[in-house]
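There are 2 protein chains.
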Amino acid sequence: MIDSLDLHLKPIGWVHCPAKKPPRHWTVSDLEGELRMDPRYLEGLRDIKPGQRIVVIFYFHKSPGFKDRFLIQSPPHMNKELGVFSTCSPRRPNPIGMSVLKVLGVEGNVIRVKGLDMLDGTPILDIKPYIRPRATSDPDD
Amino acid sequence: MIDSLDLHLKPIGWVHCPAKKPPRHWTVSDLEGELRMDPRYLEGLRDIKPGQRIVVIFYFHKSPGFKDRFLIQSPPHMNKELGVFSTCSPRRPNPIGMSVLKVLGVEGNVIRVKGLDMLDGTPILDIKPYIRPRATSDPDD
Numbered sequence: 001m002i003d004s005l006d007l008h009l010k011p012i013g014w015v016h017c018p019a020k021k022p023p024r025h026w027t028v029s030d031l032e033g034e035l036r037m038d039p040r041y042l043e044g045l046r047d048i049k050p051g052q053r054i055v056v057i058f059y060f061h062k063s064p065g066f067k068d069r070f071l072i073q074s075p076p077h078m079n080k081e082l083g084v085f086s087t088c089s090p091r092r093p094n095p096i097g098m099s100v101l102k103v104l105g106v107e108g109n110v111i112r113v114k115g116l117d118m119l120d121g122t123p124i125l126d127i128k129p130y131i132r133p134r135a136t137s138d139p140d141d
Numbered sequence: 001m002i003d004s005l006d007l008h009l010k011p012i013g014w015v016h017c018p019a020k021k022p023p024r025h026w027t028v029s030d031l032e033g034e035l036r037m038d039p040r041y042l043e044g045l046r047d048i049k050p051g052q053r054i055v056v057i058f059y060f061h062k063s064p065g066f067k068d069r070f071l072i073q074s075p076p077h078m079n080k081e082l083g084v085f086s087t088c089s090p091r092r093p094n095p096i097g098m099s100v101l102k103v104l105g106v107e108g109n110v111i112r113v114k115g116l117d118m119l120d121g122t123p124i125l126d127i128k129p130y131i132r133p134r135a136t137s138d139p140d141d
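Residue numbers (the numbering used here), protein chains in the order written: chain A, 1 to 141; chain B, 1 to 141.
Isolated chain A (complex conformation) (with noise of 0.2 angstroms):
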């Protein structure tokens, strides 16, 4: 194990979005808004198609500093308190955001969303095809 490895990211793009306040998680947004991506990966965006959803990988950029004391939170819709793990708090070790959003049309480097939980100005770190977990005849599924 590498305890100190130390890694380096660069953001891809960044939202653009004009609410001050955006809605607390994606599953309740129907805020819309622009991925405006890096024109030097513009050719890997062809096959993001109007329609389908996507997960986009972004950096909390306005999180303060992880401490020992936010390793347990009380998310602001839920009366109780939590492990940061099973939370979608934005102060966590690594500040990184997951949502889910909806492709309303693409031109260019400028992909257009709906569903945007984020700041304006959060930089993407990666976009991925959204996709399903398997059915199972599992109950807890």
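Treat the hints as calculated values from the structure; they're not laboratory data.
Be aware that one or more of the hints could be misleading.
[To be verified] In the DSSO-like style, the derived pairs of lysine-lysine whose C-alpha atoms are separated by at most 30 angstroms in a straight line are: (1) A:Lys21 <-> A:Lys80; (2) B:Lys62 <-> B:Lys20; (3) B:Lys67 <-> A:Lys80; (4) A:Lys62 <-> B:Lys10; (5) B:Lys10 <-> A:Lys10; (6) B:Lys49 <-> A:Lys67; (7) A:Lys80 <-> B:Lys114; (8) B:Lys62 <-> A:Lys21; (9) B:Lys49 <-> A:Lys49; (10) B:Lys62 <-> B:Lys114; (11) A:Lys20 <-> A:Lys114; (12) B:Lys62 <-> B:Lys10; (13) A:Lys49 <-> B:Lys10; (14) A:Lys10 <-> A:Lys80; (15) A:Lys10 <-> B:Lys49; (16) A:Lys10 <-> B:Lys67; (17) B:Lys80 <-> A:Lys114; (18) B:Lys10 <-> A:Lys67; (19) A:Lys49 <-> A:Lys10; (20) A:Lys62 <-> A:Lys114; (21) B:Lys49 <-> B:Lys67; (22) A:Lys10 <-> B:Lys62; (23) B:Lys21 <-> B:Lys10; (24) A:Lys21 <-> B:Lys67; (25) A:Lys80 <-> B:Lys49.
As the structure is a prediction and not an experimental result, all values here were calculated from the model.
Starting from the known structure of chain A, arrange chain B on it as the hints suggest.
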């Protein structure tokens, strides 16, 4: 836009998995293994329960550096080329992976999981609760 933004992340745990060649994707994997988390985050794991699904964000530590020729790729199980952001390839501008795993059990800082598609020693960046999108009447969903 801050084009030179350089983001630093640290592993919060590592994948332990016996397979030399894990399945290509979590949706087709029954592989079991462990997420061995840094004990400093133990308290944050307390609400992760057997039977649930979790989202695991990780670092493709064996991925080669990204080159423009990786903007279009042919996934191994498909007979067509796709833009990188429509694939789950480890060769991407930021080598971040995301898998949805089933929790089999939690003992201290070790989470036993099923559905692994990562290599042994993969650095884990984050764990989040798995949340489905809202059901809608949209036929594209």
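Hint check results:
no. : hint                 : in the structure
1   : A:Lys21 <-> A:Lys80  : holds, 23 angstroms
2   : B:Lys62 <-> B:Lys20  : holds, 13 angstroms
3   : B:Lys67 <-> A:Lys80  : violated, 46 angstroms
4   : A:Lys62 <-> B:Lys10  : holds, 18 angstroms
5   : B:Lys10 <-> A:Lys10  : holds, 15 angstroms
6   : B:Lys49 <-> A:Lys67  : holds, 24 angstroms
7   : A:Lys80 <-> B:Lys114 : holds, 28 angstroms
8   : B:Lys62 <-> A:Lys21  : violated, 39 angstroms
9   : B:Lys49 <-> A:Lys49  : violated, 36 angstroms
10  : B:Lys62 <-> B:Lys114 : holds, 22 angstroms
11  : A:Lys20 <-> A:Lys114 : holds, 16 angstroms
12  : B:Lys62 <-> B:Lys10  : holds, 16 angstroms
13  : A:Lys49 <-> B:Lys10  : violated, 34 angstroms
14  : A:Lys10 <-> A:Lys80  : violated, 35 angstroms
15  : A:Lys10 <-> B:Lys49  : violated, 34 angstroms
16  : A:Lys10 <-> B:Lys67  : holds, 14 angstroms
17  : B:Lys80 <-> A:Lys114 : holds, 28 angstroms
18  : B:Lys10 <-> A:Lys67  : holds, 14 angstroms
19  : A:Lys49 <-> A:Lys10  : holds, 25 angstroms
20  : A:Lys62 <-> A:Lys114 : holds, 22 angstroms
21  : B:Lys49 <-> B:Lys67  : violated, 40 angstroms
22  : A:Lys10 <-> B:Lys62  : holds, 18 angstroms
23  : B:Lys21 <-> B:Lys10  : holds, 25 angstroms
24  : A:Lys21 <-> B:Lys67  : violated, 37 angstroms
25  : A:Lys80 <-> B:Lys49  : holds, 16 angstroms
In summary, the numbered hints that this structure violates are 3, 8, 9, 13, 14, 15, 21, 24.
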